[in-house]
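Chain by chain, the residues run as shown.
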Amino acid sequence: MSGSARTVDEIAAAVAADIPEGSFVNLGIGQPTKVAEHLTADSGVVLHTENGMLGMGPLAAKGHEDWDLTNAGKQAVTELPGAAYFHHADSFAMMRGGHLDVCVLGAFQVSVTGDLANWHTGAPDAIPAVGGAMDLAIGAKQVFVMMTLFAKDGSPKLVTECTYPLTGLACVTRLYTDLATFDLGPRGAHLVETFGTTPAELAERLGLDLV
Amino acid sequence: MSGSARTVDEIAAAVAADIPEGSFVNLGIGQPTKVAEHLTADSGVVLHTENGMLGMGPLAAKGHEDWDLTNAGKQAVTELPGAAYFHHADSFAMMRGGHLDVCVLGAFQVSVTGDLANWHTGAPDAIPAVGGAMDLAIGAKQVFVMMTLFAKDGSPKLVTECTYPLTGLACVTRLYTDLATFDLGPRGAHLVETFGTTPAELAERLGLDLV
Amino acid sequence: MKVRFPESADEAVADVADGSTVLVGGFGPAGMPYALIDALIRQGATDLTIVNNNAGNADTGLAALLAEGRVRKVICSFPRQHDSWVFDGLYREGRIELELVPQGNLAERMRAAGAGIGAFFCPTGVGTPLAEGKETREIDGRTYVLEYPIHGDVALIGAHRADRAGNLVYRKTARNFGPVMATAADLVVAEVREVVEIGAIDPEVVVTPGIFVDRVVVS
Amino acid sequence: MKVRFPESADEAVADVADGSTVLVGGFGPAGMPYALIDALIRQGATDLTIVNNNAGNADTGLAALLAEGRVRKVICSFPRQHDSWVFDGLYREGRIELELVPQGNLAERMRAAGAGIGAFFCPTGVGTPLAEGKETREIDGRTYVLEYPIHGDVALIGAHRADRAGNLVYRKTARNFGPVMATAADLVVAEVREVVEIGAIDPEVVVTPGIFVDRVVVS
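As given, the protein sequences belong to chains A, B, C and D, one line each in that order. Counting from 12, one number per residue, gives the positions in the first sequence under our numbering. Counting from 12, one number per residue, gives the positions in the second sequence under our numbering. Counting from 344, one number per residue, gives the positions in the third sequence under our numbering. Counting from 344, one number per residue, gives the positions in the fourth sequence under our numbering.
Simulated from the structure, these hints should not be mistaken for lab results. Note that the Cβ used here is the ideal one computed from N, Cα and C, for glycine as well. A few of these clues could be false.
Stated by the list, open to error - Derived list of chain D stretches under chain C, where covered just means 3 residues or more per stretch with a C-beta under 8 angstroms from a C-beta of chain C:
hint: 1; segment: 456-468
hint: 2; segment: 484-498
Stated by the list, open to error - Below, computed lysine-lysine pairings styled on DSSO-like, alpha-carbon distance capped at 30 angstroms:
hint: 3; chain 1: A; residue 1: K85; chain 2: A; residue 2: K168
hint: 4; chain 1: A; residue 1: K152; chain 2: C; residue 2: K477
hint: 5; chain 1: B; residue 1: K168; chain 2: B; residue 2: K152
hint: 6; chain 1: D; residue 1: K416; chain 2: C; residue 2: K477
hint: 7; chain 1: B; residue 1: K85; chain 2: B; residue 2: K152
hint: 8; chain 1: C; residue 1: K416; chain 2: A; residue 2: K85
hint: 9; chain 1: A; residue 1: K152; chain 2: D; residue 2: K345
hint: 10; chain 1: C; residue 1: K345; chain 2: B; residue 2: K85
hint: 11; chain 1: B; residue 1: K85; chain 2: D; residue 2: K416
hint: 12; chain 1: A; residue 1: K152; chain 2: A; residue 2: K85
hint: 13; chain 1: B; residue 1: K45; chain 2: C; residue 2: K345
hint: 14; chain 1: D; residue 1: K477; chain 2: B; residue 2: K152
hint: 15; chain 1: A; residue 1: K168; chain 2: C; residue 2: K477
hint: 16; chain 1: A; residue 1: K168; chain 2: A; residue 2: K45
hint: 17; chain 1: D; residue 1: K345; chain 2: A; residue 2: K45
hint: 18; chain 1: A; residue 1: K73; chain 2: A; residue 2: K163
hint: 19; chain 1: B; residue 1: K163; chain 2: B; residue 2: K45
hint: 20; chain 1: D; residue 1: K345; chain 2: A; residue 2: K85
hint: 21; chain 1: B; residue 1: K168; chain 2: D; residue 2: K416
hint: 22; chain 1: B; residue 1: K152; chain 2: C; residue 2: K345
Sequences are here, hints too, so could you generate the full structure?
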């Protein structure tokens with residue numbers, strides 16, 4: 012156990028540290044994009060953006076945007092040496108065919124066996140939108156999720172079974188949160204490390220058996 | 012009726028004359044390749060070769076072969092201005108998706124409703140080989156066949172039902188032979204023109220009702 | 344058949360029929376055929392089904408087409424955006440139909456339409472609400488959902504450059520859906536920044552061969 | 344993972360296991376990875392399944408591999424050629440298995456393997472002996488045959504040029520099966536004419552991105 016809960020930046024740094032050298036990686040929209048800031052150039056990690064590019068660089072500097080070159084969040088980005096462009100069907104074939112090593116996603120809920128809910132709160136008046144989330148969930152060799160462990164109302168977001176509509180079944184392999192990191196799999200959630208709390212405290216707050 | 016049976020070159024010329032201006036066309040291996048010799052430059056016809064090219068030009072001159080540039084028969088060919096290269100899956104997607112206007116094939120047998128048999132004689136000791144024949148048969152908007160109307164043993168090659176293993180069902184739209192041209196379709200074979208014979212003679216030799 | 348080069352975007356979309364399914368390229372602004380969409384707004388076709396990754400932004404382009412009540416149904420992966428108020432309003436009022444499709448399925452279903460594939464078993468969406476009511480099958484220990492082609496009557500796409508044979512190249516991530524949509528519609532209209540002579544695009548780098556392109560306009 | 348540049352073709356194929364399915368690029372001589380095939384012959388793996396458009400020509404390359412009795416099965420579209428005597432002899436003696444696949448299915452089945460498609464309904468071969476015993480289905484009035492992916496343990500392909508990131512470009516019709524096979528195998532080895540520095544291949548013209556390529560050798 013470390014002394015205090017992790018910030019989003021610390022979570023992103025932890026994710027970055029666990030990405031093997033030379034991996035091909037897709038970072039989901041939102042918090043996962045922060046992982047890029049913690050990847051060093053000599054890691055050889057190559058970023059994929061599902062709108063058709065490998066070798067994506069950082070956001071474009073203000074005033075230097077090229078609106079033909081954007082990421083999945085439609086922000087202007089840049090191109091690194093060794094990049095490649097391809098069309099949408101090829102890009103998702105790459106993803107769905109299992110060629111990406113890692114994708115990093117946010118989540119509303121994750122189950123102990125790795126089910127993911129991150130596209131829809133299930134609220135009746137919500138306009139649904141899925142984008143590439145379901146494709147990413149089933150496509151990458153490893154799916155990492157980063158999120159806070161508890162919702163604002165205090166309810167756990169790591170659960171026995173997701174109550175929100177699912178994005179994918181048994182797809183999340185590792186869960187990075189402010190309070191702990193977990194390995195997920197068919198046998199349940201394995202607690203790897205805690206931050207600002209103890210395993211016993213955490214198991215109680217979560218109401219889960221952690222294997 | 013014209014005065015005499017057509018030569019292979021005359022059949023090829025007749026096929027070429029029936030290909031609409033600006034068509035995208037695949038010419039099968041063997042006799043159909045002769046059609047290219049009768050296409051004028053101002054026809055705007057663009058040739059597809061299934062090994063990954065549009066805008067194929069004539070055979071390469073002797074001594075000027077480039078063995079990275081071959082046709083489906085693995086002969087060295089040339090490239091015309093406006094050509095494009097693509098990989099095999101894209102090439103067959105183009106074909107099977109119905110984007111080619113015409114393909115021209117040879118045949119062992121064709122049925123009056125347009126079934127095609129051109130890949131296998133059915134001989135027990137024959138080593139089967141299909142290549143792209145089945146894809147071409149179902150892919151192009153129109154499938155023209157050129158062949159002699161009778162086999163060397165005198166048996167008709169336009170038949171009520173093919174006895175050789177099929178390449179495709181109800182796919183041939185027009186049949187060009189030495190003795191006649193036919194339109195084929197669900198209602199049977201319609202005689203368009205005869206060469207060196209009369210419709211009555213031909214119907215009798217074929218043993219078919221020609222609609 | 345040979346590609347045509349109409350004088351204007353209006354001429355290029357003049358014959359789009361009411362009730363058409365229109366594939367519209369672009370992912371956000373990148374690759375969006377703005378001039379063709381504006382021409383389609385002026386042209387007047389209605390009862391349209393629009394296929395795009397999104398469902399319009401702010402008050403221009405697709406959003407303007409929606410605002411005019413010309414779209415019966417949107418097939419897309421991500422309608423909800425910070426500036427998708429036109430779609431949001433129509434949807435909440437029940438005045439527009441939505442088929443929500445995972446982005447990879449959107450691309451692959453159009454590819455299938457262009458490639459003559461009748462249907463395909465796909466791993467995306469298994470066990471989720473978007474697979475409800477769909478046929479599933481276990482193949483080699485993995486579960487798949489059966490997905491069907493999305494075919495367009497018309498595709499309106501944005502590209503970077505065309506040659507006089509209709510061969511297209513794109514620029515950076517503006518490529519996105521354009522090459523796939525070009526294979527999947529009966530009538531394909533491309534909006535490009537420039538048209539060059541035949542021979543000026545290297546045959547090795549053509550992304551969309553001219554066989555897929557019916558009309559090209561410069562905007 | 345990062346692409347490697349082994350010293351030799353022998354090193355590049357050193358770990359091909361007995362019983363592997365090996366996708367071999369090329370359509371006739373164009374795109375054929377001759378050095379890798381020769382290295383595979385020296386390497387000794389046996390009981391192989393070979394996927395190529397043909398089944399070997401004359402006495403070299405694939406034909407030599409067959410002649411050494413190392414191939415259990417060939418999956419191809421066109422084994423019979425004027426100089427396919429090695430295959431012809433083995434086949435007539437019942438010493439080699441043949442799965443004959445229409446050429447478009449060969450390409451599309453490998454694409455499916457690379458794209459995560461579990462199976463697809465395809466119009467090719469309906470009503471012919473090559474569809475016998477296969478599931479068929481009528482979709483929108485047309486009959487289709489269900490076809491399954493062809494996945495390789497190894498792909499050996501020929502390309503024109505690689506950069507140090509493993510991005511590949513091909514030359515003319517030598518492109519053929521290479522880009523598809525590169526997506527469909529666990530281990531992808533490319534034989535190229537030259538390797539250039541990163542940045543020397545324009546990202547717009549990359550045909551096979553480095554993500555698909557494990558090893559590159561110059562021959």
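Given pair status - K345(C), K45(B), alpha carbons within 30 angstroms:
holds (23 angstroms)
Verify the coverage statement for the segment 484-498 of chain D against chain C, using a C-beta to C-beta distance below 8 angstroms and requiring 3 or more qualifying residues.
Our answer is that it holds, as 3 residues pass the Cβ test (under 8 angstroms) against chain C, meeting three.
Holds or violated: are the alpha carbons of K152(A) and K85(A) at most 30 angstroms from each other?
Roughly 25 angstroms separates the two Cα atoms, so the pair holds.
Would you check the hint for K168(B) and K416(D), treating anything up to 30 angstroms between C-alpha atoms as holding?
Cα-Cα ~35 angstroms, so violated.
For a C-alpha distance cap of 30 angstroms, please report whether K345(D) and K85(A) respect it.
holds (28 angstroms)
Need the status of pair K416(C), K85(A): alpha-carbon distance at most 30 angstroms?
holds (24 angstroms)
Do the alpha carbons of K168(A) and K45(A) lie within 30 angstroms of each other, as the hint requires?
holds (21 angstroms)
For a C-alpha distance cap of 30 angstroms, please report whether K345(C) and K85(B) respect it.
At roughly 28 angstroms apart (the allowed maximum being 30 angstroms), K85(B) and K345(C) satisfy the hint.
Hinted pair, alpha-carbon criterion (30 angstroms max): K85(A), K168(A). Please report holds or violated.
holds (28 angstroms)
Starting from K345(D), check that the Cα of K45(A) is at most 30 angstroms away, please.
Given that 30 angstroms is the threshold and the Cα spacing comes to 23 angstroms, the pair holds.
Distance restraint between K163(B) and K45(B), which requires alpha-carbon spacing of 30 angstroms or less:
holds (21 angstroms)
Per-stretch coverage check for the segment 456-468 of chain D, three Cβ contacts closer than 8 angstroms to chain C
holds (count 9)
The structure fails hints 6, 18, 21 (numbered hints given earlier, in ascending order).
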